[in-house]
Amino acid sequence: MDKTVNNKAWFLVLPVLVLVAFSAVIPLMTVVNYSVNDTFGNNQFFWAGLEWFEEMVTSSRLHDALGRQVLFSAIILAIEVPLGIFIALNMPKKGFWASLCLVLMALPLLIPFNVVGTIWQIFGRVDIGLLGRGLAAIGIDYNYTNDAMDAWITVIVMDVWHWTSLVALLCYAGLQSIAQAYYQAARIDQASRWAVFRYIELPKMQGVLLIAVLLRFMDSFMIYTEPFVVTGGGPGNSTTFLSIDLVKMAVGQFDLGPAAAFSIMYFLVILLVSWVFYTVMTNLDKAEGQ
Amino acid sequence: MMRVKSSAIVMTIYLLFLLVPIYWLVNMSFKTNAEITGAFTLFPHELTLRNYAVILTDPSWYMGYVNSLIYVVMNTVISITVALPAAYAFSRYSFMGDKHLFFWLLTNRMSPPAVFALPFFQLYSSVGLFDTHIAVALAHCLFNVPLAVWILEGFMRGVPKEIDETAYIDGYGFGRFFIKIFMPLIASGIGVAAFFCFMFSWVELLLSRTLTSVNAKPIAATMTRTVSASGMDWGVLAAAGVLTIIPGALVIYFVRNYIAKGFALGRV
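Protein sequence lines, in the order shown, are assigned to chains A and B.
Here the first sequence is numbered in this note's numbering, starting from 17 and rising by one per residue.
Here the second sequence is numbered in this note's numbering, starting from 36 and rising by one per residue.
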């Protein structure tokens, strides 16, 4: 759509600007301030320059947490995106069953994060959980509080449980918008199931899939509550992701300087990746518009 | 015929995967603690409502729900109110720096709450808003306002510009046009945006826990504290969990017809 050039539109954006400035810019500046200062308490600050950044860039603790975080997000995307597409393709198209599936699938999305953690904690425990008991009964040695591998699997399965529906619902919305004429044309051409998917369904889902990937990347990269409740970052440090480590550092040990430097670098990484996604997305929008 | 069958099987397996952990929680909420830890049963043998009674009679428990609902509703109202004019501006006009501004707004959705937890605590303490509902509502605007703008902008783009122009020619002022004509046209978009604001504010824990201590403590935080304090009261914990699912389930039920379109954020 052609847009009118009108700089007065700034007035309409003003309320949002004021609000977001209060809840984002001021706190962010506080973080920047901490990151270049050292403090011994009592609100006395000393200029520390880039010391904290140097310390953080070289710290193995940060590297390990970042490594785990990247691995986690990569696994999450690799499982949830294909699975979500697959589920969306198999969903009933209309009628009672479609509504029922929609409602049931949206359910995990509206459960508070820590309750999701609680559910899986209860579900997975070896002494009282259905999953833990069940696996023990068929002879699999499973204990997420002792074994790093089991903890990882639990956290990943939990995230798949929690968020695959979001990807599926987004794809489902994309699929719903395809006119029947396309399928009829494909049938006349005797196109294979794969060809229908590759040349009709996938291109139509492109836009929503990008949103799904963007949301899933951002949220999995910021994950805090669920693994915190289930594993507490353990056993050892095996499921300590960036946010968990950051909160430990800032609130637990009160190392404000390093934590602030850590925060800023963390934010920049997310910003960079999201910017790439966003650019791709707006270019797609433009290409469609032409 | 075969395809219909296989897709039904896939959906059944997936829905079972989604529902079994929830069933386990519900199941446990009706058991006594002795049964939970002592015997392994697939359904409660001694059905008890004690766990729910504990929550519904103790103010420190049920006020958690009230607090959560208060700040979630406040946040939804604030977010939608400020996002509406902004989304209109983004969808209709191009102005200096609009694309940068839009991306900057989105970056706030991307910022990890963990980064903001401590500065928020200090900011709201210094202006005297600590432990109030409005503090949590404002803090959640950090990620909900950008999202609301994004969703509403998508829906508004679908409304042809000729409608605006006709209304102005007919002598409508901006305010009257916006409320009387434009808002009804994007009613489903507003509903979807409100749904998402509700959802993300309801499920968030880190910020709401950091910004409250007693008076505005959300239910989610009440749960975490009680776990560590009373040790092993699994039954009450499970019952509290079940009760947090109910508001979400109700909201889903009311918007079920818009969910499919809503999840595409107006972009299909």
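Some clues are possibly wrong.
[What the hints assert, rightly or not] Now the stretches of chain A that chain B is said to cover, found in silico as 3 or more residues with beta-carbon under 8 Å:
{"no.": "1", "segment": "66-79"}
{"no.": "2", "segment": "96-106"}
{"no.": "3", "segment": "118-132"}
{"no.": "4", "segment": "154-164"}
{"no.": "5", "segment": "228-240"}
{"no.": "6", "segment": "290-297"}
Just so you know, these hints were derived from the structure itself, not from any lab.
Every residue gets a Cβ at the ideal spot worked out from N, C-alpha and C, and that includes glycine.
A quick look at each hint next to the structure:
1. 66-79: violated (count 0)
2. 96-106: holds (count 4)
3. 118-132: holds (count 14)
4. 154-164: Violated: only 0 residues of the segment 154-164 of chain A have a Cβ under 8 Å from chain B.
5. 228-240: holds (count 4)
6. 290-297: holds (count 3)
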